[in-house]
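Chemist: Top to bottom, those sequences are chains V and L.
The first sequence runs 0 to 287 under numbering that gives the first Met the number 0.
The second sequence runs 0 to 316 under numbering that gives the first Met the number 0.
These aren't lab readings, by the way, just hints derived from the structure by calculation.
Glycine is no exception: its CB is placed at the ideal position from the N, C-alpha and C atoms.
Warning: the hint list may mix true and false statements.
Computed beta-carbon distance windows for the label pairs [claimed, not checked]: (1) L:191 with V:173: 14 to 22 Å; (2) L:70 with V:115: 32 to 40 Å; (3) V:123 with L:85: 41 to 49 Å.
Stretch by stretch, here's where chain L covers chain V in the computed footprint (C-beta under 8 Å, at least three residues) [claimed, not checked]: (4) 0–13; (5) 99–113; (6) 198–212.
In silico contact screen, one side only, chain L against chain V (beta carbon under 10 Å); selected entries [what the hints assert, rightly or not]: (7) 64; (8) 66; (9) 88; (10) 112; (11) 114; (12) 116; (13) 159; (14) 248; (15) 249.
Listed below, chain by chain, are the residues.
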Amino acid sequence: MSVLTVAGLTLRELQRRRVFIVMVVITLVTVALSGWGLHALYNASFGPHASFSPGEARFGASEELVLFLFMFGGVVALTAVAAGAPAVAGDLEAGVLPALLARPLARWELIVGKWVGLAAVLVVYIAVTSALELRVALSIVGYAAPHPGIAVLSLCVEGLAIMSLTLLLSTRLSAMAAGVVAAAAYFVAWAAGVSGGVGQLVHSPHLVEAATVMKLVVPTDGMWRTAVFNLEPALALQGAQARLVGAGLAADPFFVSQAQPTAFYIWVGVWIAGVVALAVWSFARREV
Amino acid sequence: MTAAATAASGAGGTDADAVRLVGVSKRYGRMPALDDLTMHVRRGEVFGFLGPNGAGKTTTVRILLGLTAASSGEAWVLGAPAGDRRARRRVGYAPELFRHPPWLSGREVLGVHAALAGLPTAGRADAVQRALERVGLGERGGERVSGYSKGMQQRLALAAALLGEPHLVVLDEPTSALDPLGRRDVRELIRALKGEGVTVFLNSHLLSEVELVCDRVAVIRRGRIVAEGTLDALRGRPEVRIRLEGADASVRDALGAFGPVGEEAPWLTVGLADIGRVPDLVAAVVAAGGRVQAVEARAGSLEDRLIELLQGGGGGQ
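Okay, chain V solo, but in the shape it has when bound:
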């Protein structure tokens, strides 16, 4: 019960601090821009001066879709960092917590309540924006991603992973430091994913290993790649797998030619649960 009270308080804070309205505006603007871009792509493919084949147009639509969902993924990650970093540290710094924790509220309930509140916002945001963007792609260029549900789920898990890490950092670091570290981890993980592709391209096992280690330490990029993989047209994937398209695609952060192994997804679940458990453990030992 106290978990829900804290979760409700977290949601109300995001609403009162106008995070919701900002997210809605960003979504609408971005969906409108992407619709414009897709419409231009449609004209270039099927208009009187068409210069692309239908297959190229489909690949272009998928790439644009991936690009915009990457932007949404970035917004989610930054929202997770911006909202998660002060979730505990900010309340501690403001002196709000002693009065609340003097109530019959367990420390774990506070952490889990914050997590639930933030998770609800991230999941709803990703589900709505992704659904809108997928719908726009379908309506304007007739492109239907092969596995939209898995792609959206992957983006959700990516957001939950970076939010959980931020919450853990927030139990020990200042809000500012927690935000900086979490944002850095997110971008380093993404860069490591690109580096892994480069490692494959230049046949550097060390670079590939380093990227794999980073993917396990901060699994956000692995989930992003899962989302991308499930948004791409089957034909492009077949071409990539049959090495009919350029090998340089391996280093393209907006193209993924292979699914992640199942063990990775199990690891991500364990990772998120472990990070939340660590946040609970850390906060339980913190002087308030």
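Put chain L on the given structure of chain V with help from the hints.
Modeler: Okay, now just chain L, sitting in the frame of chain V:
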């Protein structure tokens, strides 16, 4: 502390004690904040915890509420180990730094506290309104906390402490942001709580505040209790000053029978065990041949005693 440890210690707070601390010490790194603190607060009394800033008052409160762990020693609140969740259900706390989420209204802040205190949903709105009215915010509960003055925010913290029918209310410097009228309101509130049988633990460095409402006090200095008892006991023995003619040896002997005799020319001073014995003292002086010109009886000064204690000139319980 485990339940087994509580049972083994045998000191785990009797029903008569709202608060009990035994040998509690707290260190921050190498810095001692509390040093072997032992004291108790009886149920139903208003207990004043006096000491200068930085003496360890707030650290003690935080240990009692489970916000901070003691480095050693044992503490109980309402018969349960300090920090115990069931005990916290019956404790109201107004912290020294009364901060509330500024994006909530006063009523919403109390709504959150009411939910966390486990109040039934049906009765929460009424309980919140009663608490607001009790601290003089009945008409302002709908406003955002960000628009409250400091005094209003402190009143809101007091209202939060009153929610959930607490058996123990811990007030940490509860009048620091209040004007004289607000201070009077808090005094009346404390007296009302005592009338309802609620134990009040009042942390304060304001002697006047403590003197007006407390049944018993403890004085803390540099993390150690230097005095604990009723206000009368703490004040020390009352004193009578007498000016007379013919203060010869027989008169001085007569005075000495009532207590230690001192001299503040042209007065003689006598420390009395009981202020009611002044007429007997005067009669004894006259019987011994002394001619009494003036007599002044005065109770012991709490302020003098406190300053003496805080400067390290006194001790004991």
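Chemist: Has the region 198–212 of chain V got at least three residues whose CB is nearer than 8 Å to a CB belonging to chain L?
Modeler: That given contact is violated, which follows from only 0 residues of the region 198–212 of chain V lying within Cβ reach (below 8 Å) of chain L.
Chemist: Once the shortest beta carbon distance from residue 116 of chain L to chain V is found, is it less than 10 Å?
Modeler: holds (6 Å)
Chemist: Hint check: is the beta carbon of residue 88 of chain L less than 10 Å from a beta carbon of chain V?
Modeler: Given a least distance of 5 Å, the restraint on residue 88 of chain L holds.
Chemist: With a cut-off of 10 Å on the beta carbons, see whether residue 248 of chain L makes it to chain V.
Modeler: violated (64 Å)
Chemist: In terms of beta carbon proximity below 8 Å, does the region 0–13 of chain V have 3 or more residues touching chain L?
Modeler: Three-residue rule met by the region 0–13 of chain V, so holds; n is 6.
Chemist: Per the coverage rule (Cβ-Cβ under 8 Å, at least three residues), is the region 99–113 of chain V covered by chain L?
Modeler: It holds: at least three residues are needed, and the region 99–113 of chain V offers 7 whose Cβ sits within less than 8 Å of chain L.
Chemist: Is the interface hint satisfied for residue 64 of chain L? The criterion is a beta-carbon contact with chain V at less than 10 Å.
Modeler: For residue 64 of chain L, the interface hint holds, since the closest Cβ of chain V sits about 4 Å away, which is under 10 Å.
Chemist: Holds or violated: residue 114 of chain L as interface residue toward chain V, Cβ cutoff 10 Å?
Modeler: holds (4 Å)
Chemist: Could you check if residue 66 of chain L really has its C-beta closer than 10 Å to a C-beta on chain V?
Modeler: Check passed: Cβ of residue 66 of chain L comes within 4 Å of chain V, closer than 10 Å.
Chemist: At a threshold of 10 Å, is the proposed contact between residue 112 of chain L and chain V supported by beta-carbon distances?
Modeler: Check passed: Cβ of residue 112 of chain L comes within 6 Å of chain V, closer than 10 Å.
Chemist: Taking the Cβ atom of residue 191 of chain L and the Cβ atom of residue 173 of chain V, is their distance within the range 14 to 22 Å?
Modeler: Cβ of residue 191 of chain L to Cβ of residue 173 of chain V: about 41 Å, so the range 14 to 22 Å is violated.
Chemist: Please check whether residue 70 of chain L and residue 115 of chain V have a Cβ separation lying inside 32 to 40 Å.
Modeler: Check passed, 34 Å falls within 32 to 40 Å.
This entry does not satisfy hints 1, 3, 6, 14 and 15, going by the numbered hints stated previously.
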